[in-house]
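Given only the sequences and the hints, what does the whole structure look like? Please build it.
So you can see what is in the structure, the chains are spelled out below.
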Amino acid sequence: MEYCLEAKSLCKQYGHFKALNGLSMRVPRGAIYGFVGRNGAGKTTLLRVICGLQKPDGGEYLLFGTKNESADIYKVRRRMGAVVETPSIYAEMTAEENLRMQYHVLGLPSLENIGELLQLVGLSNTGRKKARNFSLGMRQRLGIAVALCGNPDFLVLDEPVNGLDPQGIVEIRELILRLNREHGITVLISSHILDELSRLATHYGFIDGGTIVKEISAEELNAACRKCVRLTVSDTGVLCRVLDRMEQEYQILSDSEADIYGETNISQLISALGAEGCEVIPLHEHDESLESYYINLMGGGRHD
Amino acid sequence: MINLLSAEFSRLFKNKLLWALSAFVTGFGVFEIVMQYIDSRQMGTVSYLDNTLFAYVLVIGGCGAIFCSMFIGTDYQDGTIRNKLVVGHRREQMYLCTYVISVCASVVMMALYFAVQFTLGIALLGKPAMGVSQLLVFIGIGMLTIAAFDAVYVLISMLIPSRSSAAVACLLVFFGLIIVAAVINGMLDAPEYIQEYSMTVNGVELSEPQPNPRYLSGMKREFYQFLYDFLPTGQGVQLVSCAVLHPIRLALCSLGITAASILGGICVFRNEDIK
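Protein chains in written order, with my numbering: chain B, 1 to 304; chain X, 305 to 579.
Hints should not be assumed to be uniformly reliable.
[Said to hold, decoys possible] Taking CB as the label site, the calculated pair distances span:
| id | chain 1 | residue 1 | chain 2 | residue 2 | range |
| --- | --- | --- | --- | --- | --- |
| 1 | X | 486 | B | 130 | 54 to 60 Å |
| 2 | B | 257 | X | 574 | 45 to 51 Å |
| 3 | B | 9 | X | 476 | 39 to 45 Å |
| 4 | X | 331 | B | 91 | 27 to 33 Å |
[As the list claims (entries may be wrong)] Below are the PhoX-like pairs computed for lysine-lysine, each with C-alpha atoms no more than 20 Å apart in a straight line:
| id | chain 1 | residue 1 | chain 2 | residue 2 |
| --- | --- | --- | --- | --- |
| 5 | B | 130 | X | 318 |
| 6 | B | 129 | X | 579 |
| 7 | B | 55 | X | 320 |
| 8 | B | 18 | B | 75 |
| 9 | X | 579 | B | 18 |
| 10 | B | 214 | B | 8 |
| 11 | B | 8 | B | 67 |
| 12 | B | 130 | X | 320 |
| 13 | B | 55 | B | 8 |
| 14 | B | 214 | B | 18 |
| 15 | B | 55 | B | 67 |
| 16 | B | 18 | B | 8 |
| 17 | B | 129 | X | 320 |
[Said to hold, decoys possible] Some, not all, of what chain B presents toward chain X, calculated at C-beta under 10 Å:
| id | residue |
| --- | --- |
| 18 | 48 |
| 19 | 90 |
| 20 | 103 |
| 21 | 218 |
| 22 | 222 |
| 23 | 243 |
If you're looking for bench data, these hints aren't it; they were derived computationally from the structure.
Think of the CB as a built atom: it goes at the ideal place given N, C-alpha and C, for glycine as much as any other residue.
If you want it as structure tokens, here you go:
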């Protein structure tokens, strides 16, 4: 498999605080890689390091197979675009002027595609309005447009939906999906909003304490997040006996709660429990989400 | 580097601060000429264009402190410095490009100042009294002095990411250097001998000339003279008063400050963490 980014034992320290502590990860080409972690876990530090804003104190990373210490890394960076933390745009310029600036920075000979780019991010009708008067969503989209100026193959987005209203979140999500599916751009997104990330990502990397705790593809995650029926009963002892008899896979969660995996004949189960004097109080289908997976993972229970 | 320069030039010429400062420098040039003209008419003395021609050095030196910190600080404040690094521009090139742009901004201000001096100035005060060769030497030294000022401001502004902090630091450096230059100027101007006045029945009498204890001599004088020649503000004061004693030394000092600031700045900026 080809990788846009490979990080190997990256370390970065601010004073005594280890922001990255031997972090290793791989972003496959064509993926939308969701980078998940709590505040201060090292997400933004990693993005700053791979974008060349900061130098790692140890380890190395490869962009499109080129090592960060290689002289060719500057050329390879031309294939990257990034919005790290806040959108990097001139507040006193219009959307078009901002894109013109980036075209100059990249040395692109023609400014023809600017209109197309503005249309892609939904900013084609902003006219003479300066970026400082843009809404947060508009600024975020303009930041992405600036990052897209050189037709990058790899787009790095740091918390792209932070602070956006629901409409803004949908717009950014659709834009990212369009960029990935229609333009084949690999996207690395860090986000706190796990529900939103789960609608986008094809791969996940979970970071904690400056280290990747787990890398997993969306398919693997879906397999790990199995559907189950969660029920609360008056006697889990009886429940265990009945489920063993029915050869059902299950997990006892507490004195009164249990998860039952696989196809379950509910009426048969309730009758069997009733026959042994066990009451079923509530019962509902439970679908483990990215959020619960993340909580379990960070709790240290399931690292494999 | 060419791409960066092209981008920064397009930003420079749209920058309102550049044109506001240029208007201020031009206005200052007009004010200087008019005041000289009025003085000469009222006093019945002859005023030369030389008196106003080089006042720009310190004015542009001060304006440069504001311009560099604000122009460079915008790149940090808006985060746009990241756009250049992410797409693979080398830090050395970014630093040099910023310096070139800052010098160009000063040249724009200087060109407008000279335009006023050589039009309105000649019309009201006549041609400069100094010869053409001396004039060119002074203009050259003035440009190098401004280039040295800009190198120091770029160093400060590139290493202090906060725009307001950088502006304060640049202005403090400028005014601090002005004060130091003024103090040194006062020390160097102290007369070698002093005479005391005393009132007697015969009127005012002068005592025998006595050696001035505040007069600098020997190595001490050499040191302070060198410091005066070395500091861009010291050079500015010398140019304003058209009293340049060591033109070559001044030029070499400016070049030295410029080179040291750029090299030092690049070394630090190369390893600086950008947020």
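Going down the list of hints, with the structure as the test:
1. Checked against the hint of 54 to 60 Å, the pair residue 486(X) and residue 130(B) fails, with Cβ atoms roughly 43 Å apart.
2. Distance hint check: the CB atoms of residue 257(B) and residue 574(X) are about 58 Å apart, inconsistent with the given range 45 to 51 Å.
3. In this structure the supplied range 39 to 45 Å holds for residue 9(B) paired with residue 476(X), their Cβ-Cβ distance being about 44 Å.
4. Against the hinted window of 27 to 33 Å, the Cβ-Cβ separation of residue 331(X) and residue 91(B) comes to about 28 Å, which satisfies the hint.
5. Distance hint between residue 130(B) and residue 318(X) is fulfilled; the C-alpha atoms sit about 14 Å from each other, no more than 20 Å.
6. Restraint check: the Cα-Cα separation between residue 129(B) and residue 579(X) comes to about 27 Å, which exceeds 20 Å; the hinted pair is violated.
7. Distance check on the hinted pair: residue 55(B) and residue 320(X) sit about 35 Å apart at the alpha-carbon level, beyond 20 Å; violated.
8. This hinted pair does not check out: residue 18(B) and residue 75(B) have alpha carbons roughly 30 Å apart, beyond 20 Å.
9. Straight-line distance between C-alpha atoms of residue 579(X) and residue 18(B) comes to about 17 Å, which keeps the hinted pair within the 20 Å bound.
10. Proposed proximity of residue 214(B) and residue 8(B) is supported: the alpha carbons are some 14 Å apart, at most 20 Å.
11. Only pairs whose Cα atoms come within 20 Å are accepted, and residue 8(B) paired with residue 67(B) is accepted, the gap being roughly 10 Å.
12. A hinted pair counts as satisfied when its Cα atoms are at most 20 Å apart, and residue 130(B) with residue 320(X) qualifies at roughly 15 Å.
13. Simply put, residue 55(B) and residue 8(B) have alpha-carbon atoms about 14 Å apart, close enough for the 20 Å limit, and the pair holds.
14. Using a Cα cut-off of 20 Å, the hinted pair residue 214(B) and residue 18(B) holds, with the two alpha carbons roughly 19 Å apart.
15. Straight-line distance between C-alpha atoms of residue 55(B) and residue 67(B) comes to about 13 Å, which keeps the hinted pair within the 20 Å bound.
16. Restraint check for residue 18(B) and residue 8(B): the C-alpha separation of about 16 Å stays at or below 20 Å, so the hint holds.
17. Between residue 129(B) and residue 320(X), the direct Cα distance comes to roughly 17 Å. Compliance with the 20 Å bound is thereby established for this hinted pair.
18. Evaluation of the residue 48(B) hint against chain X yields a held restraint, the C-beta minimum of about 7 Å falling below 10 Å.
19. Taken as an interface hint, residue 90(B) checks out: its beta carbon lies about 5 Å from the nearest beta carbon of chain X, inside 10 Å.
20. Checking residue 103(B) against chain X: minimum C-beta separation of about 8 Å stays under 10 Å; hint holds.
21. Against a cut-off of 10 Å between C-beta atoms, the interface hint on residue 218(B) is violated, since the closest Cβ of chain X lies about 27 Å away.
22. Using the Cβ-Cβ criterion of 10 Å, the hint placing residue 222(B) at the interface with chain X is not satisfied: the shortest such distance is roughly 33 Å.
23. Contact between residue 243(B) and chain X, as hinted, is not supported at the beta carbon level, the nearest pair being about 55 Å apart and thus beyond 10 Å.
Comparing the model with each numbered hint stated earlier shows that hints 1, 2, 6, 7, 8, 21, 22, 23 do not hold.
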